[in-house]
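Trainee: Spelled out, the chains give:
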Amino acid sequence: MKQIRTLNQANLKESAAKGGCGECQASCQSACKTSCTVANQKCENKNR
Amino acid sequence: MIHKYSLNGYHIVLDANSGAVHLFDEAPFDMLDYLEEGEIPEHPPEAMTDALKDRYDEDTVREAYEEIRELNRKGQLYSPDEYEKFAAMLKSAPIKSMCLNIAHDCNLRCEYCFAAQGDFGGERMLMPFEVAKSAIDFLVEKSKGRHNLEVDFFGGEPLMNFDVVKKTVEYARSIEKKYDKNFRFTITTNGLLLSDDKIDFINREMSNCILSFDGRKSVHDRLRVRVDGSGCYDSVLPKFQKLVKERSKDKDYYVRGTFTKYNLDFTKDIQHLLDLGFNEISMEPVVSEEKLDYSVKEEDLPRIFEEYETLSNLIIQRSKEGKEFDFYHFMIDLDQGPCAIRRLRGCSCGNEYVAITPTGDIYPCHQFVGQEEWKMGSVLDGSLNTDMKDSFALANVYSKPECKNCWAKFYCSGGCNANNLQYAGDIHKPHAISCSLEKKRLECAIMIQAALADQK
Chain A
1 MKQIRTLNQA NLKESAAKGG CGECQASCQS ACKTSCTVAN QKCENKNR
Chain B
1 MIHKYSLNGY HIVLDANSGA VHLFDEAPFD MLDYLEEGEI PEHPPEAMTD
51 ALKDRYDEDT VREAYEEIRE LNRKGQLYSP DEYEKFAAML KSAPIKSMCL
101 NIAHDCNLRC EYCFAAQGDF GGERMLMPFE VAKSAIDFLV EKSKGRHNLE
151 VDFFGGEPLM NFDVVKKTVE YARSIEKKYD KNFRFTITTN GLLLSDDKID
201 FINREMSNCI LSFDGRKSVH DRLRVRVDGS GCYDSVLPKF QKLVKERSKD
251 KDYYVRGTFT KYNLDFTKDI QHLLDLGFNE ISMEPVVSEE KLDYSVKEED
301 LPRIFEEYET LSNLIIQRSK EGKEFDFYHF MIDLDQGPCA IRRLRGCSCG
351 NEYVAITPTG DIYPCHQFVG QEEWKMGSVL DGSLNTDMKD SFALANVYSK
401 PECKNCWAKF YCSGGCNANN LQYAGDIHKP HAISCSLEKK RLECAIMIQA
451 ALADQK
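Residue numbers (UniProt numbering), protein chains in the order written: chain A, 1 to 48; chain B, 1 to 456.
The shape of chain A in the complex, shown without the other chains (with noise of 0.2 Å):
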């Protein structure tokens, strides 16, 4: 491609398929305590 480049894998939909087990930190818990941002938890999946 010339005009567009793509960042990253876009994995989500595979994500989904293998995931779900649940073991990663609640997202409030590490250093924020007033809002909320999942995107920037890690995956503790050890299967994915």
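Because the hints were derived from the structure by calculation, they are not lab data.
Some hints could be false.
[Claimed, not checked] Derived lysine to aspartate or glutamate pairs resembling DMTMM-like cross-links, with alpha carbons at most 20 Å apart:
no., chain 1, residue 1, chain 2, residue 2
1, A, LYS13, B, GLU39
2, A, LYS13, B, GLU37
3, A, LYS2, B, GLU70
4, B, LYS198, B, ASP221
5, A, LYS42, B, ASP335
Assemble the complex: chain A is given as a structure, and chain B must be docked to it using the hints.
Mentor: Only chain B this time, still in chain A's reference frame:
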């Protein structure tokens, strides 16, 4: 669903449902204004070609259109939302995270405190060890098969009850092997009572520690005051510096500031924190009634957006110089972030995450504590309102009408339920100012990733 925006010279296109992030040249970027959800037609719409013919030559338009179609075919542009079926999975989830309000008392009287200066609107008291022990037992039982359990020591000021913190950690460690659990402890402190012993303990046992510190002395001391009204900057700074200096690099910490209307130039506070030697930083907008002088209001948004852009440029510049730092709300991993199921379920409050008061009462999260109608049960008798738990489980991006059609839904995951309740009166109704701030932060975070990719 896509979101297109231009920032810092980048034309960025986010495909919400696949998670794809693209950098577009101008021609394809402009073309998106004439396209809709779903399959892209074989031939460009007439309205598009008419509008663009004077701006781009025919070959450029043809090539750009084909590239757009290719992304669409690959499921990376206008991809469908196929995740709603996962929403029901969230009911009856184990409880695996806990906020232990180990002290409903504080040695500061920060004006902006959402915990009513430490007592959460009730009696000032410390959590007895027996209650903390029951909370740990409750968590082990309710976490079922979950291995990683998080316990945050919170308050008030948890260092006011540090003996119980230590005994609780010791107790949890003594049973984690037996139940095949991995406890991750964290603590949030204002630093006043930090001593060498406490620093050693925290650096040994806590996987993360949150150090409340607002930045410049004038900013910090204006609102973070002692009972007598005096500021605490000079007392806590050397203690925080010592803790961070001695902390192992494989453990997290965050210097966590609050910004208010008084310091909308908060990049200066972040710069100050960097100058002091801190490089894991969080800076949060104040949560307060809108009528208060220091509250962040809608009219402040353009100024805050400008400030987030200033901060983004600081991050990019420092990265170029090899002096990277983490700003919590700009941290984003575009490839290996949380799975889609995690993203739609939100912050987990009231479902996988609960807060415990010094008397053993259970609340959906630390921000609900003290609002009697939200009490969910007690760790002392094991009671738990499962109907309320289920209602939080189902408060996800599909049950919040404003979230369902929002491009940012898989990044913020429906926002903070407590903020929603406080400002909009309903956990399902997102707080508009929080949404605006979150979207701007995401736009900046993604742009930073683009800029950092260019540095490689």
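Trainee: Run every hint past the structure and note whether it holds.
Mentor: Results of checking the hints against the structure:
Pair hint LYS13 of chain A plus GLU39 of chain B holds up; C-alpha atoms about 18 Å apart against a cutoff of 20 Å. For the given pair, LYS13 of chain A sits about 17 Å from GLU37 of chain B by alpha-carbon distance, which is consistent with the 20 Å threshold. Between the alpha carbons of LYS2 of chain A and GLU70 of chain B the distance comes to roughly 12 Å, so the proposed pair stays at or under 20 Å and holds. Between LYS198 of chain B and ASP221 of chain B the alpha-carbon distance is near 24 Å, which puts this suggested pair outside the 20 Å criterion.
Of the pairs offered as hints, the one joining LYS42 of chain A and ASP335 of chain B holds, with about 11 Å between alpha carbons and a cut-off of 20 Å not exceeded.
Violated hint for the displayed structure: number 4, the only one.
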